[in-house]
Amino acid sequence: MPDFILKPLTALGHDHPEVDILGPWTITERADIALASLALRRGRLGDVQTAAAAAGVPLPQAGASASGAVYSAFWMTPEMWMVEAPYASHEDIRAHLLPAFGDAASITEQTDAWVRFDLAGAGLERLFERLSNFDLAKAPAGAATRTVMEHLGCYLIKRSDTLVTIYGPRSSAQSLHHALTVAAQSVL
Amino acid sequence: MIIHHPILGPRDAQEFVYLGDASLIGRPDGLTASIEEFHNYTYLRDNPAGAHRELWYHEQGDRSWLVVTRNTVTHEILQVELARDVARAEGRSK
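In order, the protein sequences belong to chains A and B.
With positions in the first sequence counted from 1, the corresponding number in our numbering is that position plus 72.
Take the second sequence: its position 66, counting from 1, is numbered 47 in our numbering, and each next residue is one higher.
Note that these hints are calculated values from the structure, not bench results.
Hints are supplied without guarantee of correctness; some may be wrong.
Simulated restraints on C-beta separations [as the list claims (entries may be wrong)]:
hint, chain 1, residue 1, chain 2, residue 2, range
1, A, L117, B, E40, 20 to 28 Å
2, B, P(-9), A, L81, 37 to 45 Å
3, B, A(-6), A, P74, 51 to 59 Å
4, A, H223, B, N28, 47 to 55 Å
5, A, S243, B, F19, 39 to 47 Å
6, A, S258, B, F19, 51 to 59 Å
7, B, S15, A, S243, 43 to 51 Å
In this text, a Cβ means the ideal position worked out from N, Cα and C, and glycines have one as well.
Sequences and hints are given; from them, build the entire structure.
Encoded structure:
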């Protein structure tokens, strides 16, 4: 049997995550995060809350995100959250979560469905007002929402006034990256 | 037009997709309903000048289905509910 030596590529297709520094902003591709969606099964809220507390998985309110020691999470839709964990330790994130939640929740691996960009710097609202109808300036730190940028359904998480995370569809990673860099260059 | 989403607060109507009359929730029972009932359900719609209950989908947001009561004359939005809650209140969901 021949030995295949496969080279892992990031969503943008390189060996290493891309970092763009544009004026005051840094756009960083993040390939070091594992994702899984967690959907409540009917009538099992109590079980899921107990399991989440024991496993250290935060379950933020609607429109919010929250961070824990290992896991962080953001709200996607009623009774559904996306759970984030470090890829190095949680590459098989579903296998980590499944024993904790059992049949109280449906857990789906999402890592390779998304591309993540972290945007850092002051005045990010100037950039996002060109990309999305979400009012980043008014949103509190920790806000998380789904929005549309460049015709792509994306999740936007405002970690702080100077740090925003975007999750977009991985198959459109380059289009989203293009939109972010063009918007940044146009408001420099 | 702003739709006051019951969970997410005021959102631009552009984020939503319109489906139509909320009476679509009340599908007749396929085993017992008559052909006339299904015909009415499939083809016949009221077209009121005034308050109208309709289904909207938050496509660019959390992808929830809403029942929006809208005045078709003034476009004033009178009430917004989660379609899930409306359906369950009507006994549609087990």
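Structure-based check of all given hints:
Checked against the given bound of 20 to 28 Å, the beta carbons of A:L117 and B:E40, roughly 26 Å apart, stay inside it. About 41 Å separates the C-beta atoms of B:P(-9) and A:L81, a value consistent with the hinted range of 37 to 45 Å. The supplied range of 51 to 59 Å is met by B:A(-6) and A:P74, whose beta-carbon atoms lie about 57 Å from each other. Judged by the Cβ atoms, the range 47 to 55 Å given for A:H223 and B:N28 is violated: they are separated by roughly 33 Å.
Between A:S243 and B:F19, the C-beta spacing of about 40 Å keeps the proposed range 39 to 47 Å intact. Taking the beta carbon of each, A:S258 and B:F19 are about 54 Å apart, inside 51 to 59 Å as hinted. Taking 43 to 51 Å as the suggested C-beta distance range, the pair B:S15 and A:S243 conforms, at roughly 47 Å.
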